[in-house]
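Protein chains: 2
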Amino acid sequence: MNIHAKRIKDLQHMLKEHRLDGLLMGRTLEIGFLTGFYLDGCAMLVSRSGAWVFMPRMFIEHFRSKVSFAEGVAADAGVEAAALAKAKELKLKKAAFEPESETYVRGRAWRKAGILEHDGLTAALRAVKEGEEIETLRKSCRIAAKAFGIVKPRIKTGRTELSVYRELEDTMQAMGAKGPSFNLIVGFGPNSAMPHHETSERRLKNNEAVLLDYGCVYGNYCSDITRTYFHGRPTEEFRKVYSIVEKAQKAGVAKVRAGVSSRAVDAVCRGIISDAGYGQYFTHGTGHGVGLEIHEFPRLSPRVDVPLRAGMAVTVEPGIYLHGKFGVRIEDSVLVTRTGCEVLTKTAR
Amino acid sequence: MNIHAKRIKDLQHMLKEHRLDGLLMGRTLEIGFLTGFYLDGCAMLVSRSGAWVFMPRMFIEHFRSKVSFAEGVAADAGVEAAALAKAKELKLKKAAFEPESETYVRGRAWRKAGILEHDGLTAALRAVKEGEEIETLRKSCRIAAKAFGIVKPRIKTGRTELSVYRELEDTMQAMGAKGPSFNLIVGFGPNSAMPHHETSERRLKNNEAVLLDYGCVYGNYCSDITRTYFHGRPTEEFRKVYSIVEKAQKAGVAKVRAGVSSRAVDAVCRGIISDAGYGQYFTHGTGHGVGLEIHEFPRLSPRVDVPLRAGMAVTVEPGIYLHGKFGVRIEDSVLVTRTGCEVLTKTAR
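Going line by line, the protein sequences match chains A and B.
With numbering that gives the first Met the number 0 applied, the first sequence covers 0 to 348.
With numbering that gives the first Met the number 0 applied, the second sequence covers 0 to 348.
These are computed hints drawn from the structure, not numbers from a lab.
For chains that are exact copies, the list does not tell them apart, and a pair is met inside one copy or across any two.
No farther apart than 20 Å at their CA atoms in a straight line, the calculated lysine to any residue pairs in the SDA-like style are these: (1) Lys87 x Gly113; (2) Lys246 x Glu235; (3) Lys65 x Gly323; (4) Lys111 x Glu99; (5) Lys111 x Pro98; (6) Lys177 x Arg202; (7) Lys138 x Glu200.
Excised from the complex, chain A in its bound form:
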């Protein structure tokens, strides 16, 4: 069975489990995940036994040439209204939409029409990778990891952060990537201490930290990796902080396994950093799901208790940020397995 047809079947099973008759969707990401058809401006209805995609007339030929397992419907008077009308025609009593995925205007219209709110169905489907998408994600991560080995030796004193940004991007594109998976972060010196630094024209000086947080999109799948190193002769403080983060990250990766809670992975990393006296400088969660989006379900944080499942892809990325001095973050994307995990972004560090 076609992977997209299978996903729609899986969603139909979930509808039954959650005692729903249908799910209305308006975001390109979910519709693309279920059909392989990623054009903005469509809406979709999946009932327990059927699937319809509503779209501007000009998309119809294209849709029908690609998708056979869902019905394409031209909806000139608005795709949201057409999806609603279909749900009505089918007399669906308990149709839902996913609040987390919708715009306010769309959700408001559906809510007014009596559609229920029910989160997490497509997010749960998307979280567990299977079949071809695993290989695509592996390749996306491999491209990112390889780029580190190619670009790092070229990062010399005097280069700007933005020039390194562009070289990372070009290097990944030359290996087949579509583009960067987010606004890549290249931070030199004190800029490395800002977890969300905006890559700038700052030039690299001798003897300072270099932080690269980057990734690519390959076949719609996002990769995410961070490497930090010292350009020149590392200070005592850098060595110390680096070794704490490295220890925390390795322990986090070692903790990942099907059945383990997302919170437990965070706790391992946070514990090591706190025990070393740097707890207050680890200012973000330990990781997040990665796939069609760079940040997706589940989060690895103290507040999120989700059991990891085989096939989930998550990042493990503890960090310590010393304002005005430097920051260290080490991040890998990993694939959860029954016995542990596969590190997808392996580099020679």
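Add chain B to chain A, keeping to what the hints say.
Positioned in the frame of chain A, the structure of chain B alone reads:
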């Protein structure tokens, strides 16, 4: 005055005009437009006399180093709730949010707290370009236009659509662009007849149409341009259709002027194409605003009656699509002036 400080002042004037006490915002685009600070995960409140941005603690140093005219507030328990609490503390009676810009979850929370819905304030501010952003948009468009002259001679028989996509992207990046401004469309032969064709591995044959719809992001500003030509010896039908679209597009551009309705520009293009007997094959609107987003206010369509204002940037892009054969679309981004418009994407055709 700093351009961002001025925009906040302009918004405060609009609040007064619309008898509102404040505006709550949660989308990065609007917050970035008003502050120059474009990090995801913030919320903003602008009252008639103040401006606050609520953010995760880890952004605060970065924010304060960039923004002096709005107050940065660390909001560890959620930025939306923090913005609400501030509005309450200030006793704002008529605070609003913009339904078109918000996610369902955020809008729902604000609506429940009694915040009003009021659309179009920031969209109207963003539509009229001024100062530095005009020069940035010009440059973005100039890069896109130049790329056509460079890439076109290299589009030979046998090349794939995707390889041309990448060359357009690389060429624009070499001129300073950050990246493409949307999923660029490269369509060969019958693929040119799909207005939203997904660029593929199809190879160019002798004697068929080539359609390039592309643009770049330069300094956050999007450009948008489409060129169509015949690779080889044009058929009689292609020549005929091309000359109709060209006539329609030139007439549309000639119609653009401050004070003219968006609908009137659409009517001019649509009239010429309909009079030539191809009305049913022009399946989309004539254009759209362009700026921080590739599609923004106002739309140029039969259904939208907005007077153009000097400083607005819009596209003019009529097309005729003959399914299974070929399509022709010609598009320029133009800047509205008091006496007409400045074509920003001029190429030697």
